[in-house]
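**Q** Residue numbers (the numbering used here), protein chains in the order written: chain A, 1 to 321; chain B, 322 to 649.
In case anyone wonders, no lab produced these hints; they're calculated from the structure.
Treat the hints loosely; a few may be bogus.
Said to hold, decoys possible - Only pairs whose alpha carbons sit at most 25 Å apart, straight line, appear in this in silico BS3-like list of lysine-lysine:
#	chain 1	residue 1	chain 2	residue 2
1	B	K524	A	K271
2	A	K127	A	K94
3	A	K271	A	K94
4	A	K271	B	K525
5	B	K413	B	K454
6	B	K409	B	K524
Said to hold, decoys possible - Listed next, the stretches of chain B that the computed footprint assigns to chain A, with coverage defined by at least 3 CB atoms under 8 Å from CB atoms of chain A:
#	segment
7	348-361
8	416-423
9	478-492
10	512-519
11	527-538
12	566-578
Said to hold, decoys possible - Covered, in the sense of this in silico footprint (three residues per stretch, anywhere, with C-beta under 8 Å from a C-beta of chain B), are these stretches of chain A:
#	segment
13	157-167
14	184-196
15	203-217
16	247-256
None of the values given here were measured: they were computed from a predicted structure.
Idealized CB from N, CA, C, for every residue including glycine.
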Amino acid sequence: MTDNSFLEVRDLKKYFPPRESFFGNTAGSVRAVDGISFELEEGETLGIVGESGSGKSTAARTLLQLEPPTSGTVHFKGHNLTALSEEKLRSLRKEMQMIFQDPFSSINPRRRIGDVLREPFAIHNLKENVAESIKELLNQVGLSSDHAHRYPHELSGGQLQRVGIARAIALNPSLVIADEPVSALDVSVQAQVVNLMMDLKEKLKISYIFISHDMSIVEYFCDRVAVMYLGKIVEISTSEEIYRTPGHPYTEALLNAVPGLEPEQKKQKIKIRGDIPDPSNPPQGCSFHTRCPLKEKRCEEMEPILKEVSPGHHVACFLKE
Amino acid sequence: MSQIELDVRNLNVSFSTPHGNFSAVNGINFQLHSGETLALVGESGCGKTVTALSILRLLPEASAKFISGKIIYSGRDLLGLSSQQMRKVRGKEISMIFQDPMTCLNPVLTLGEQLSETLLQHNNLNKKEALSKSAQLLGRVELSSPEEKLKQYPHQLSGGMRQRVMIAMALACEPKILIADEPTTALDVLIQAQILELLENLKKETGMAMLLITHDLGVVAEIAERVMVMYAGDEVETGPTQSLLKNPNHPYTKGLIASRPQPGLNIKKDLRLPEITGNVPSPNQRPSGCPFHPRCNWVMDQCKTQKPISKKSNHDHQYSCHLEPGSL
Ligand SMILES: Nc1ncnc2c1ncn2[C@@H]1O[C@H](COP(=O)(O)OP(=O)(O)O)[C@@H](O)[C@H]1O
Ligand SMILES: Nc1ncnc2c1ncn2[C@@H]1O[C@H](COP(=O)(O)OP(=O)(O)O)[C@@H](O)[C@H]1O
Ligand SMILES: [Mg+2]
Ligand SMILES: [Mg+2]
Chain A
1 MTDNSFLEVR DLKKYFPPRE SFFGNTAGSV RAVDGISFEL EEGETLGIVG ESGSGKSTAA
61 RTLLQLEPPT SGTVHFKGHN LTALSEEKLR SLRKEMQMIF QDPFSSINPR RRIGDVLREP
121 FAIHNLKENV AESIKELLNQ VGLSSDHAHR YPHELSGGQL QRVGIARAIA LNPSLVIADE
181 PVSALDVSVQ AQVVNLMMDL KEKLKISYIF ISHDMSIVEY FCDRVAVMYL GKIVEISTSE
241 EIYRTPGHPY TEALLNAVPG LEPEQKKQKI KIRGDIPDPS NPPQGCSFHT RCPLKEKRCE
301 EMEPILKEVS PGHHVACFLK E
Chain B
322 MSQIELDVRN LNVSFSTPHG NFSAVNGINF QLHSGETLAL VGESGCGKTV TALSILRLLP
382 EASAKFISGK IIYSGRDLLG LSSQQMRKVR GKEISMIFQD PMTCLNPVLT LGEQLSETLL
442 QHNNLNKKEA LSKSAQLLGR VELSSPEEKL KQYPHQLSGG MRQRVMIAMA LACEPKILIA
502 DEPTTALDVL IQAQILELLE NLKKETGMAM LLITHDLGVV AEIAERVMVM YAGDEVETGP
562 TQSLLKNPNH PYTKGLIASR PQPGLNIKKD LRLPEITGNV PSPNQRPSGC PFHPRCNWVM
622 DQCKTQKPIS KKSNHDHQYS CHLEPGSL
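The task is simple: from the sequences and hints, build the whole structure.
**A** Written out as structure tokens, the structure is:
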């Protein structure tokens, strides 16, 4: 059934054991990812957007089987990753790489850049032309071969994120999951890194999953966008559609929260208050109803499911039915 | 024009480190008017935090060897005050909030203990009054059930809530000036929008002036009346926010504006985001002439050797560039 799709995620869940509650009463398990499904075509870029705690990183890690999912399946190029042997998975890992938010914590500060980039080759026992490959990698990400001799602290945040990208593309992956790759960078440097990722996509035929809390960058970079809230996808569509006709009030709030160069345009639009609820005790009904400015009675009682509102545009909100 | 609350004149700050002496802030000038929000903008390493810390005299004495210029606050030069006099200014007259609230919050004290301690330091209150004023403050920063929050510890709060607590602490003594150093940089855009709105409301209510530091011109557009753009310790362009965003005169300002993506960009598919290539130089490798010249798309021969002097643009910005006004 899934033979010709590149990546297909079905009803993926990741629950963590209940946290010790501060006041002694036991809370339920932490439903970090609570049944998400989507597909990614080869060469496509999918954005996952949502605020902290919505389950984006957990989704990325369980998708790559860096942590075992609680349930659900992930098919990648015809392989069911959830059912694969450790050995098979290991060889497939070359094809699936990750870029992390904070390059200063995801790159060992005591190793020279050259050694950091040697690692992926060593893990997969590749010995030929490694030095040559490292040089080329550095050039590909806009650094010079001298950078191989430097230590992470001698580089700026933007330069170090380029190293993170070089490490991810070292083994020619076909899928790269970038988990908030620019959130810790200056706005001006974000543009540099995003442009680099775009160039590499063209050159190396990479498919991306790009995670961020910032709608402006996701919408710019991605072909399609999935909006996550409390472990669920509440809206998914093309970037253009999401921008022109956002279906979910949460999506609209995320768009509206982007600090604007023309603020006159956006007074009075949807704003939401407070923090995201605790995923070990999610609200009844629509999980967004506690913060939704448009909520109705039924939203507190029943949970809306994703419905197609126009071709390829799915929204989980009663107000859109 | 309104009264000048803070007047920074020809501020220079140099550090002496094992790697040599270098200057991090080079003769900047700005005025903060009462009730206004002035933004200090620039990429990391441009000297924004050093400027803010100099105002409060919080730079480490060991390395910040040379500070010169004047920082005039209510008729006195803050650089000339004794440490004891300065302690009275800090918190009570001018207070500051930071990117990471945990640098100011004590992890082992409850919010009630920390807030009332701040209040007791500067006010004539008893413990009970201090606690009830603390709850009031938490309510003012729009935290729900403030009485309960008084009993909580910082780690029990989300990042956004901690930032609210820090704002409450900074406002405890009703300062005339609030310095906010990247208060929302570590937060999600959604929570950022909430905090910016809160700061704006509090500013209106109290009439305080705010010096807001950020690397994001989007944030500036949301709440600042005026902006000063800094690059490599220099003042690059200063002007009213809307005018500066519409008619930047310095290529660095223009670059910062262009690299801020706005929703809707995707529709023009396949456009690269305009970027400022390269990096901010480290202060001990400052380029000759205009420090921005190695990254500038408009670079001319004179930029490599002569440092531009500040001039007025057609739109009444002050800017430092060899280009004539209106060239961009
Ligand atoms: N290892 C873990 N154990 C328990 N809870 C976790 C763990 N990892 C993440 N969580 C919780 O799962 C939720 C989603 O977290 P995360 O996937 O990091 O979200 P995001 O990346 O969108 O910020 C959060 O409430 C977080 O506290
Ligand atoms: N205590 C210090 N000792 C030595 N150098 C410092 C110190 N504080 C800041 N610097 C240097 O001064 C420059 C400006 O720093 P900073 O004001 O923190 O920049 P910004 O806040 O704009 O990111 C940087 O190059 C930084 O490394
Ligand atoms: Mg995350
Ligand atoms: Mg700073």
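**Q** So, for every hint listed, does it hold in this structure?
**A** Hints, one by one, checked against the model:
no. : hint            : verdict
1   : K524/B x K271/A : holds, 20 Å
2   : K127/A x K94/A  : holds, 15 Å
3   : K271/A x K94/A  : violated, 42 Å
4   : K271/A x K525/B : holds, 20 Å
5   : K413/B x K454/B : holds, 16 Å
6   : K409/B x K524/B : holds, 22 Å
7   : 348-361         : violated (count 0)
8   : 416-423         : violated (count 0)
9   : 478-492         : holds (count 4)
10  : 512-519         : holds (count 6)
11  : 527-538         : holds (count 3)
12  : 566-578         : holds (count 4)
13  : 157-167         : holds (count 3)
14  : 184-196         : holds (count 9)
15  : 203-217         : holds (count 5)
16  : 247-256         : holds (count 4)
Hint compliance for this structure: hints 3, 7 and 8 are broken, all remaining hints hold.
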